[in-house]
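Engineer: Just so you know, the protein sequences line up as chains B, D and S, in that order. Note that the numbering used here has the first sequence beginning at 1, numbered continuously upward. Note that the numbering used here has the second sequence beginning at 1, numbered continuously upward. Note that the numbering used here has the third sequence beginning at 1, numbered continuously upward.
Careful: at least some of the hints might be erroneous.
[As the list claims (entries may be wrong)] Here are the computed lysine-lysine pairs in the DSSO-like style, where the Cα-Cα straight-line distance is at most 27 Å:
id : chain 1 : residue 1 : chain 2 : residue 2
1  : S       : 67        : B       : 192
2  : S       : 64        : B       : 186
3  : B       : 15        : S       : 28
4  : B       : 192       : S       : 64
5  : B       : 6         : S       : 28
6  : S       : 31        : S       : 3
7  : D       : 244       : D       : 153
8  : B       : 152       : D       : 190
9  : B       : 6         : S       : 41
10 : D       : 153       : D       : 216
11 : B       : 6         : S       : 64
12 : B       : 186       : S       : 34
13 : D       : 244       : D       : 290
14 : D       : 301       : D       : 362
15 : D       : 190       : D       : 290
16 : B       : 6         : S       : 34
17 : B       : 152       : B       : 192
18 : S       : 67        : B       : 229
19 : B       : 6         : S       : 3
20 : B       : 186       : S       : 3
21 : S       : 41        : S       : 64
22 : B       : 15        : S       : 31
23 : B       : 6         : S       : 24
24 : S       : 34        : S       : 3
25 : B       : 141       : S       : 28
26 : S       : 44        : B       : 15
27 : S       : 3         : B       : 15
28 : S       : 44        : S       : 24
[What the hints assert, rightly or not] Only some residues are given here: those of chain D computed to face chain B with a beta carbon under 7 Å:
id : residue
29 : 31
30 : 34
31 : 37
32 : 41
33 : 42
34 : 53
[What the hints assert, rightly or not] Pair by pair, the computed Cβ-Cβ distance ranges are:
id : chain 1 : residue 1 : chain 2 : residue 2 : range
35 : B       : 226       : D       : 111       : 31 to 41 Å
36 : D       : 6         : S       : 35        : 27 to 37 Å
37 : S       : 7         : D       : 127       : 51 to 61 Å
Quick caveat, the hints were computed from the structure, so don't treat them as lab data. Note that CB positions come from ideal geometry on N, CA and C, so glycine has one too.
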Amino acid sequence: MQLLNKHPESLLDVKMHYCPGCGHGIIHRLVAEVMDELGIRERTVGVAPVGCAVFADTYFNCDMIQGPHGRGPAEASGIKRAKPETIVFSYQGDGDLASIGMGEIVHTAIRSENITVIFVNNAIYGMTGGQMAPTTLIGQKATTCVDGRTAKQAGYPIKMSEMLATIDGATYIERTTVHTNVGVIKTKAAIKKAFQNQIDGKGFSLVEILSMCPTNWGTRLDNPSEATKFVAEGMLPVFPLGVYKDACAADKK
Amino acid sequence: MAEKKLMKGNEALAEGAIRAGCRFFAGYPITPQNEVPEYMSWRLPQVGGAFLQSESEVAAINTVYGAAATGVRCMTSSSSPGMSLKQEGISYAAGADLPIFIGNVMRGGPGLGNIAGAQGDYWQATRGGGHGDYRTFVMAPNCVTELANFPAKCYEVAFKYRIPSMVLADGILGQMMEPVEFTAPEVDVKTLVEPEWALGVNKGRAKRIVKSYDLKEGGVEIMVNERVKRYNAIEQNEVLFEEKMIEDAEIVMVAYGISSRVCMAALKQAREKGLKVGLLRPITLWPFPKARLVELSKRVKNFLVVEMSLGQMVEDVALAINGRSNVYLHAKPGASVITADEVCKTMDQILKKEAKEYAAAK
Amino acid sequence: MPKMEVDVDKCKGCYLCIQVCPKKCIEKSDKFSKTGYYPAKDSKEGCCIACLACAHICPDLAIKVYK
Numbered sequence: 001m002q003l004l005n006k007h008p009e010s011l012l013d014v015k016m017h018y019c020p021g022c023g024h025g026i027i028h029r030l031v032a033e034v035m036d037e038l039g040i041r042e043r044t045v046g047v048a049p050v051g052c053a054v055f056a057d058t059y060f061n062c063d064m065i066q067g068p069h070g071r072g073p074a075e076a077s078g079i080k081r082a083k084p085e086t087i088v089f090s091y092q093g094d095g096d097l098a099s100i101g102m103g104e105i106v107h108t109a110i111r112s113e114n115i116t117v118i119f120v121n122n123a124i125y126g127m128t129g130g131q132m133a134p135t136t137l138i139g140q141k142a143t144t145c146v147d148g149r150t151a152k153q154a155g156y157p158i159k160m161s162e163m164l165a166t167i168d169g170a171t172y173i174e175r176t177t178v179h180t181n182v183g184v185i186k187t188k189a190a191i192k193k194a195f196q197n198q199i200d201g202k203g204f205s206l207v208e209i210l211s212m213c214p215t216n217w218g219t220r221l222d223n224p225s226e227a228t229k230f231v232a233e234g235m236l237p238v239f240p241l242g243v244y245k246d247a248c249a250a251d252k253k
Numbered sequence: 001m002a003e004k005k006l007m008k009g010n011e012a013l014a015e016g017a018i019r020a021g022c023r024f025f026a027g028y029p030i031t032p033q034n035e036v037p038e039y040m041s042w043r044l045p046q047v048g049g050a051f052l053q054s055e056s057e058v059a060a061i062n063t064v065y066g067a068a069a070t071g072v073r074c075m076t077s078s079s080s081p082g083m084s085l086k087q088e089g090i091s092y093a094a095g096a097d098l099p100i101f102i103g104n105v106m107r108g109g110p111g112l113g114n115i116a117g118a119q120g121d122y123w124q125a126t127r128g129g130g131h132g133d134y135r136t137f138v139m140a141p142n143c144v145t146e147l148a149n150f151p152a153k154c155y156e157v158a159f160k161y162r163i164p165s166m167v168l169a170d171g172i173l174g175q176m177m178e179p180v181e182f183t184a185p186e187v188d189v190k191t192l193v194e195p196e197w198a199l200g201v202n203k204g205r206a207k208r209i210v211k212s213y214d215l216k217e218g219g220v221e222i223m224v225n226e227r228v229k230r231y232n233a234i235e236q237n238e239v240l241f242e243e244k245m246i247e248d249a250e251i252v253m254v255a256y257g258i259s260s261r262v263c264m265a266a267l268k269q270a271r272e273k274g275l276k277v278g279l280l281r282p283i284t285l286w287p288f289p290k291a292r293l294v295e296l297s298k299r300v301k302n303f304l305v306v307e308m309s310l311g312q313m314v315e316d317v318a319l320a321i322n323g324r325s326n327v328y329l330h331a332k333p334g335a336s337v338i339t340a341d342e343v344c345k346t347m348d349q350i351l352k353k354e355a356k357e358y359a360a361a362k
Numbered sequence: 001m002p003k004m005e006v007d008v009d010k011c012k013g014c015y016l017c018i019q020v021c022p023k024k025c026i027e028k029s030d031k032f033s034k035t036g037y038y039p040a041k042d043s044k045e046g047c048c049i050a051c052l053a054c055a056h057i058c059p060d061l062a063i064k065v066y067k
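Please build the complete structure, drawing on both the sequences and the hints.
Structural biologist: Below you can see the structure in the form of structure tokens.
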């Protein structure tokens, strides 16, 4: 009998703190598997955000930095420019990347910084207890919009992949999901491409991954179909999956 | 008798601000103050006010800078790392003479630190934190009722002297639940007179500018010196502190906020053992009760500063006492809680002359 | 005969594996683990086809699939 799915070396064999059914654990594993398959673990430096994934610095088996909320892309730029031989990834949630970090992610894409960004979009603030996120859906309830988000009060959920794709410096932008097995497989392929681009020096790559947050969505932790249904029926129509940008640095003037 | 309501500290702060006339709030989630923006998000619309969850603490302070310029009573809140982000905006508000109200529910720092209550932002709050020559009116509550009632005083001082004002609380006070009595009179915002500097519809009057710059030579010096006159008036008129069992005290504990609660327990414990100790609790941290400390230091031989930091307020205490008495420090940074037992033990050592001074009497 | 095994120390009882298993090989345990969850159970005898769907979706690396 052969074990088909070995524990990736790029992820430490420790229990992760994420809630039952949270997408972070899946995505951590995928990033680690890709790091293993590309053989980059020993030269990778990861940037952990502020948010539920703040503890990513203890989970990945490579050098990690944890810094201020939203500033991951700036930190990653500093690491990459100071040590171009490293592979650098910034792992961020929707508050970190699309709220306070909006300036940093846009400018890191503008500069076509040769880094990989893993953007976990679960349309809510997790770590701080369920406040509205920039990607919270219209009508979705959160602790700072208890009757549901309205466009009048808080505008519309931001489509980061679409927006970043308009930036000339962005090389590769794809949106995937981890609420289904097939989604997980496609997410891994996208993450692999995003890291391969960096290895090949092709510029800024970002994968936006739709993810579950049963705790703050108020869906049952022992019945994952409620959360996966929210992704399928609520999030997918607003955040369609697909490749939004795929260009090579060599083609850029 | 006024009605008492069981409330969480953060919510009492928000409700207290609203009762004091706050009609605009902008803020961002950060533990341990999330209940402030959450409460504001549904309560402000109820009283005809407006709430905004800003994209960051930087955006929030600048949004409040804008709202305050229209003369509206507004507020932003955060916790330590978020307060660091706000420093530029606070400096601008001070330089533009805007009465903004800020709530800081301190947590362990520096950096990300932890999410538990601490007192590590004293310097940041009282020394500016932001750049340039300015002051902020800072009040330190030590119970949920004070969290509920201090906003009224903060708005009063802020608008009277055109200065940013702050309630400096910590994660323990913010999260604890106590019976609250709203004693500060509720403000009817319809009776508030729009300040003569407020921006808005300029029909029928000369234009107004809200700004903090003056590039002419000597311009900023003039602006700051005019402010200093107001700061001196605040130091004359607005100092607040509380004293317990000072009269015959051989050691006076000096503590604010949650540490003062620990010291009250230590006071009781020590007095039961026959030790002559007392407590001075600064309520305004700026203006600091310097004059009172100067007076006390003529008679009291020992001061013990107790704070959940590496020792920040102790500098102000030592400065005021200026070598007339011994100053001792019992400090724990990083949100580690100080116990009454520990404080009593330190006071024991002081009386036995076994404790090391922070600053010895000359 | 392929099989899937659950590490009950790691399983948080989220049951995403049960949801994705195409052959309905996985059930909830009725005994709670020392971490307080009712974990998923190892695949039913002779059921598993080693498609790895459960291993792909498990957020806690609690699943091992053998062939």
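Engineer: Determine for every hint whether it applies to the structure shown.
Structural biologist: Hint-by-hint comparison with the structure:
Restraint check for residue 67 (chain S) and residue 192 (chain B): satisfied, since their Cα atoms lie roughly 26 Å apart, inside the 27 Å limit. For the proposed pair residue 64 (chain S) and residue 186 (chain B), the alpha carbon gap of about 21 Å is at most 27 Å, so the pair holds. At most 27 Å may separate the alpha-carbon atoms for a hinted pair to count; residue 15 (chain B) and residue 28 (chain S) meet this at roughly 20 Å. Taken as a hint, the residue 192 (chain B) and residue 64 (chain S) pair is honoured in the structure, with Cα atoms around 23 Å apart against an allowance of 27 Å.
As the CA atoms of residue 6 (chain B) and residue 28 (chain S) are separated by approximately 24 Å, the hinted pair is consistent with the 27 Å bound. Of the supplied pair hints, the one linking residue 31 (chain S) and residue 3 (chain S) holds, its CA atoms being roughly 21 Å apart against a limit of 27 Å. Taking the CA atoms of residue 244 (chain D) and residue 153 (chain D), the gap is about 23 Å. The hint holds against a cut of 27 Å. Between residue 152 (chain B) and residue 190 (chain D), the direct Cα distance comes to roughly 26 Å. Compliance with the 27 Å bound is thereby established for this hinted pair.
About 19 Å separates the Cα atoms of residue 6 (chain B) and residue 41 (chain S), which keeps this hinted pair within 27 Å; it holds. A threshold of 27 Å between alpha carbons decides the hint, and for residue 153 (chain D) with residue 216 (chain D) the separation of about 36 Å lies outside it, so the pair is violated. A C-alpha spacing of about 8 Å is found between residue 6 (chain B) and residue 64 (chain S), which places the hinted pair at or below 27 Å, so the restraint holds. The suggested pairing of residue 186 (chain B) with residue 34 (chain S) is violated, with an alpha-carbon distance near 34 Å, which exceeds 27 Å.
A hinted pair counts as satisfied when its Cα atoms are at most 27 Å apart, and residue 244 (chain D) with residue 290 (chain D) qualifies at roughly 17 Å. Between residue 301 (chain D) and residue 362 (chain D) the alpha-carbon distance is near 11 Å, which keeps this suggested pair within the 27 Å criterion. Of the supplied pair hints, the one linking residue 190 (chain D) and residue 290 (chain D) is violated, its CA atoms being roughly 38 Å apart against a limit of 27 Å. Restraint check for residue 6 (chain B) and residue 34 (chain S): satisfied, since their Cα atoms lie roughly 24 Å apart, inside the 27 Å limit.
A hinted pair counts as satisfied when its Cα atoms are at most 27 Å apart, and residue 152 (chain B) with residue 192 (chain B) does not qualify at roughly 39 Å. For the hint linking residue 67 (chain S) to residue 229 (chain B), the alpha-carbon distance of about 32 Å lies beyond 27 Å, and the restraint is violated. Simply put, residue 6 (chain B) and residue 3 (chain S) have alpha-carbon atoms about 15 Å apart, close enough for the 27 Å limit, and the pair holds. At roughly 24 Å between alpha-carbon atoms, residue 186 (chain B) and residue 3 (chain S) fall within 27 Å of each other, so this suggested pair holds.
Note on residue 41 (chain S) and residue 64 (chain S): the hinted pairing holds, with a Cα-Cα distance of about 12 Å set against a maximum of 27 Å. This hinted pair checks out: residue 15 (chain B) and residue 31 (chain S) have alpha carbons roughly 20 Å apart, not beyond 27 Å. The hinted pair formed by residue 6 (chain B) and residue 24 (chain S) meets the criterion: a straight-line CA distance of about 23 Å does not exceed 27 Å. Of the supplied pair hints, the one linking residue 34 (chain S) and residue 3 (chain S) holds, its CA atoms being roughly 24 Å apart against a limit of 27 Å.
Restraint check for residue 141 (chain B) and residue 28 (chain S): not satisfied, since their Cα atoms lie roughly 31 Å apart, outside the 27 Å limit. A hinted pair counts as satisfied when its Cα atoms are at most 27 Å apart, and residue 44 (chain S) with residue 15 (chain B) qualifies at roughly 26 Å. For the given pair, residue 3 (chain S) sits about 23 Å from residue 15 (chain B) by alpha-carbon distance, which is consistent with the 27 Å threshold. At roughly 9 Å between alpha-carbon atoms, residue 44 (chain S) and residue 24 (chain S) fall within 27 Å of each other, so this suggested pair holds.
With a least beta-carbon distance of about 6 Å to chain B, the hint placing residue 31 (chain D) at the interface is held under the 7 Å criterion. Below 7 Å, beta-carbon pairs count as interface contacts, and residue 34 (chain D) has one with chain B at about 5 Å; its hint therefore holds. The restraint placing residue 37 (chain D) at the interface with chain B holds, with a minimum CB-CB distance near 6 Å, inside the 7 Å limit. Hint status for residue 41 (chain D): holds, given a least beta-carbon distance of 4 Å to chain B, under 7 Å.
A distance limit of 7 Å between C-beta atoms decides the matter here; for residue 42 (chain D) the minimum to chain B is near 5 Å, and the interface restraint holds. A distance limit of 7 Å between C-beta atoms decides the matter here; for residue 53 (chain D) the minimum to chain B is near 5 Å, and the interface restraint holds. Restraint check, residue 226 (chain B) to residue 111 (chain D): a C-beta distance of roughly 37 Å satisfies the suggested window 31 to 41 Å. A hinted range of 27 to 37 Å holds for the C-beta pair residue 6 (chain D) and residue 35 (chain S), which are about 34 Å apart.
Between residue 7 (chain S) and residue 127 (chain D) the CB atoms are about 53 Å apart, so this pair conforms to the stated range of 51 to 61 Å.
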